[in-house]
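Peer 1: Build out the structure end to end from the sequences listed, making use of the hints.
There are 6 protein chains.
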Amino acid sequence: MDKELKELEENIGKVPMILQKWAKEDPEMEKFVLALDKGVWGDGALSKQTKKIIAICVAAALRDRHAVRAQAAGASALGVNYDEVEEALRVTFLLAGMPAYTYGRTAIDDFMK
Amino acid sequence: MDKELKELEENIGKVPMILQKWAKEDPEMEKFVLALDKGVWGDGALSKQTKKIIAICVAAALRDRHAVRAQAAGASALGVNYDEVEEALRVTFLLAGMPAYTYGRTAIDDFMK
Amino acid sequence: MDKELKELEENIGKVPMILQKWAKEDPEMEKFVLALDKGVWGDGALSKQTKKIIAICVAAALRDRHAVRAQAAGASALGVNYDEVEEALRVTFLLAGMPAYTYGRTAIDDFMK
Amino acid sequence: MDKELKELEENIGKVPMILQKWAKEDPEMEKFVLALDKGVWGDGALSKQTKKIIAICVAAALRDRHAVRAQAAGASALGVNYDEVEEALRVTFLLAGMPAYTYGRTAIDDFMK
Amino acid sequence: MDKELKELEENIGKVPMILQKWAKEDPEMEKFVLALDKGVWGDGALSKQTKKIIAICVAAALRDRHAVRAQAAGASALGVNYDEVEEALRVTFLLAGMPAYTYGRTAIDDFMK
Amino acid sequence: MDKELKELEENIGKVPMILQKWAKEDPEMEKFVLALDKGVWGDGALSKQTKKIIAICVAAALRDRHAVRAQAAGASALGVNYDEVEEALRVTFLLAGMPAYTYGRTAIDDFMK
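Residue numbers (the numbering used here), protein chains in the order written: chain A, 179 to 291; chain B, 179 to 291; chain C, 179 to 291; chain D, 179 to 291; chain E, 179 to 291; chain F, 179 to 291.
By construction, these hints were calculated from the structure, which means they are not laboratory data. One or more of the hints may lead you astray.
Identical copies look the same in the list; a pair holds intra-copy or inter-copy alike.
[Claimed, not checked] EDC-like, lysine to aspartate or glutamate: derived pairs with alpha carbons at most 16 Å apart:
#, residue 1, residue 2
1, 202, 287
2, 199, 287
3, 291, 203
4, 291, 204
5, 209, 180
6, 199, 288
7, 216, 185
8, 199, 187
Peer 2: If you want it as structure tokens, here you go:
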């Protein structure tokens with residue numbers, strides 16, 4: 179894995195397969211996404227742990243199976259714990275419905291237990 | 179405002195108009211929502227400030243003008259600051275697109291500046 | 179209003195402004211939509227009242243302010259009553275979140291009370 | 179299965195796996211969801227059969243594969259028949275597009291035929 | 179395959195399995211959908227190739243795995259090339275987020291490479 | 179308006195108010211968005227006119243009133259004509275439902291007629 183992907187991994191816990199594939203096959207796309215990621219994930223007013231929790235909740239609210247699993251896959255490596263995400267997902271429950279919660283809950287049960 | 183709404187206000191910063199209306203006109207609905215809210219908003223593994231930020235990001239991701247404004251309206255009262263939410267909304271940008279970010283940004287520009 | 183729009187009005191309670199506009203300005207679009215509407219709204223295995231309730235719930239779940247109001251506007255004319263729709267919208271609450279319910283509830287409070 | 183899950187099964191036809199799992203492993207979550215379900219599914223102004231049809235249409239409109247299958251799985255046990263749901267899903271077609279209809283149609287073809 | 183499905187295939191590249199199934203089992207539904215398709219896909223102010231690209235972008239924006247794959251499956255047969263769709267999907271990225279782009283990108287990597 | 183916003187205006191027809199505001203008040207955000215826009219809008223395998231049409235269709239499919247109007251506002255300046263967009267929006271109708279079409283149609287009726 180090259181240096182920039184390694185830095186990204188420190189921010190998000192686990193670099194999704196598709197980004198690794200793009201890094202090999204499509205350097206323009208990789209550069210584009212890495213620039214975007216840099217503006218999003220680093221510590222700032224919020225810690226990267228809090229941003230990871232938000233990402234799981236947003237992906238769950240959008241009922242996006244791939245995104246929610248990609249986000250959940252890196253959470254433990256960042257030191258986020260299961261109970262924090264479960265509690266956060268209740269906000270998703272209230273705002274996006276029980277099945278949206280279930281998307282998130284299933285992902286963290288698979289990756290964070 | 180009755181006692182339970184007051185408690186809710188401590189957790190979410192500002193009780194939306196519609197909940198106040200339901201509390202007056204539709205006690206069954208009020209009870210139903212207050213029970214749900216109790217399981218969602220209180221301090222626990224996450225602070226209520228973090229939950230509020232998540233709620234704004236989820237509502238923005240869903241492009242829900244009413245929900246995002248209802249959430250943003252109470253954020254300052256809880257001690258959440260503008261920069262935290264703006265940074266959190268970048269996660270929404272990445273996962274849900276620039277117009278979703280704009281929903282959130284417009285709401286916090288109106289209510290938190 | 180021409181004959182086909184009148185028939186549609188019997189099925190959905192109130193023909194939305196935009197369909198009336200299309201009927202005048204864009205006959206191809208009107209024909210297209212009327213054909214679609216015929217396959218959807220008439221009594222069959224379900225009554226048109228039940229279909230109207232479903233339409234309000236679906237439009238609310240999609241957080242579509244225009245569609246939910248367009249559907250709610252015709253409900254009373256079909257003999258659908260407020261309590262039926264409010265109860266139906268609780269299904270939307272469970273599956274799509276409290277703000278989705280609020281979209282529907284606001285529309286029926288405006289048009290069915 | 180405990181008594182409360184049995185009562186829920188009478189209202190929705192089939193209790194989803196995840197609720198059965200929560201009932202075993204996470205009693206707080208179970209209580210939370212059962213309270214919510216009680217306010218939603220019982221006979222009232224609408225029959226539980228009509229609510230089930232609405233739930234399938236809403237889940238299909240949200241393109242939620244898991245929710246639409248979870249809802250469809252219990253429909254026959256409640257006495258809902260295939261033709262009613264298929265006709266209801268045409269409302270979803272009009273309001274949410276042909277692929278949304280297809281989500282619902284595929285689910286009822288799998289569970290109700 | 180009957181004559182009308184053949185004509186549709188010329189416009190969209192590949193008729194989805196479900197339409198072929200409906201054509202056999204549910205002639206009313208088939209007629210309904212074919213009428214709708216006729217008003218949508220043919221050459222007009224836009225070529226059918228451009229419409230196909232739009233369809234992939236819209237299905238990706240809706241995070242609809244089935245629809246995006248059904249659309250991508252016929253693109254090459256119409257003479258649409260991979261680079262055009264990839265570039266179009268960047269619009270989806272901007273408006274609907276990186277995971278929406280990923281839905282589209284995965285589908286065209288599977289069907290157009 | 180500064181040089182980079184001028185270049186963007188050539189690609190998208192009209193720079194949305196919010197981008198102009200960000201350019202003044204939030205230079206980091208402006209840089210971030212301009213970089214993203216550069217990778218999206220320029221002529222390439224597709225013309226910028228085609229990309230604009232796609233953007234309107236995607237924003238309409240997402241029922242995003244602000245985004246669809248922001249996109250439609252610049253279309254005429256790029257030389258896109260009304261009939262092309264109207265025909266493109268029929269794809270949105272098929273994939274996302276009649277109300278999604280209506281979002282787009284209303285925006286182009288306001289800005290392109």
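Peer 1: Check each numbered hint from earlier against the structure, then list the numbers of those it violates in ascending order.
Peer 2: Failing hints: none at all.
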